[in-house]
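Novice: Residue strings, one per chain:
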Amino acid sequence: EAQVTQNPRYLITVTGKKLTVTCSQNMNHEYMSWYRQDPGLGLRQIYYSMNVEVTDKGDVPEGYKVSRKEKRNFPLILESPSPNQTSLYFCASSQSSGVNYGYTFGSGTRLTVV
Amino acid sequence: AQSVTQLGSHVSVSEGALVLLRCNYSSSVPPYLFWYVQYPNQGLQLLLKYTTGATLVKGINGFEAEFKKSETSFHLTKPSAHMSDAAEYFCAVSASGTYKYIFGTGTRLKVLA
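Here the protein sequences come in this chain order: A and B. Everything in the first sequence is counted per this note's numbering, starting at 259 for the first residue and increasing by one. Everything in the second sequence is counted per this note's numbering, starting at 1419 for the first residue and increasing by one.
There may be inaccurate statements among the hints.
Derived pair list, reagent style DSS-like, types lysine-lysine, alpha-carbon separation capped at 25 angstroms [unchecked claim]: (1) K1518/B / K327/A; (2) K329/A / K1486/B; (3) K1486/B / K1467/B; (4) K323/A / K1518/B; (5) K1487/B / K1518/B; (6) K315/A / K1487/B; (7) K275/A / K315/A; (8) K315/A / K329/A; (9) K327/A / K315/A; (10) K1518/B / K1467/B; (11) K327/A / K275/A; (12) K327/A / K276/A.
I should point out that these hints are in silico values taken from the structure, not numbers from a laboratory.
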């Protein structure tokens, strides 16, 4: 089944403790992206990747890192999480770097930073 | 630069009534337009998209949307609401040759029995 898999689904952590949210897709998509969803703000792009070893900042990149060493994987790293990073995170992929095909989304990771 | 505005953060309709969710966009180049649906505790699912060609686009679950360039709109409609349509709906805009993909703030649809 074609899908984007994120792990974990739920995560509670403490301020400053490094964490990684994994994302993997099995569709050989070139383009991958991370979003955060907050009430009233919709989805805001954190980082995106056009292909292996090619990444760029989205609209809200502060406090996050990403890497794209393999085509299928695009982990999101929070090196020193803070409470304002409490949010619902989505990974998504698309077969076209122009994203005109639309995204396939993962099921989300709900992160709470205390 | 692109932007998208969804009018109405909450919309309620009776079961069987017309569903109309509004989306207006701004784009300096010809846009690609999308509607996504998000059910509780799930990721977003693509409902339909407009890239080029026919301006009336049909999607899944009986939804359709019409691209109106003169009105810079891409409203989502469904002739008859079903209880299972209760969800949050997001409009999004992208543009050819860019990596930018902008989502609206979402409209939560409630269907009343």
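Novice: Hint by hint, say whether it matches the structure.
Specialist: Quick rundown of the hints versus the structure:
1. K1518/B / K327/A: Holds - the C-alpha atoms of K327/A and K1518/B are around 22 angstroms apart, at most 25 angstroms.
2. K329/A / K1486/B: violated (37 angstroms)
3. K1486/B / K1467/B: holds (13 angstroms)
4. K323/A / K1518/B: With a Cα-Cα distance of about 19 angstroms, the restraint between K323/A and K1518/B holds, given a limit of 25 angstroms.
5. K1487/B / K1518/B: Given that 25 angstroms is the threshold and the Cα spacing comes to 20 angstroms, the pair holds.
6. K315/A / K1487/B: violated (30 angstroms)
7. K275/A / K315/A: holds (23 angstroms)
8. K315/A / K329/A: holds (18 angstroms)
9. K327/A / K315/A: Distance of about 17 angstroms is within 25 angstroms: holds.
10. K1518/B / K1467/B: Status holds; Cα separation ~16 angstroms.
11. K327/A / K275/A: Measuring from Cα to Cα gives roughly 23 angstroms; hence the hint holds.
12. K327/A / K276/A: holds (20 angstroms)
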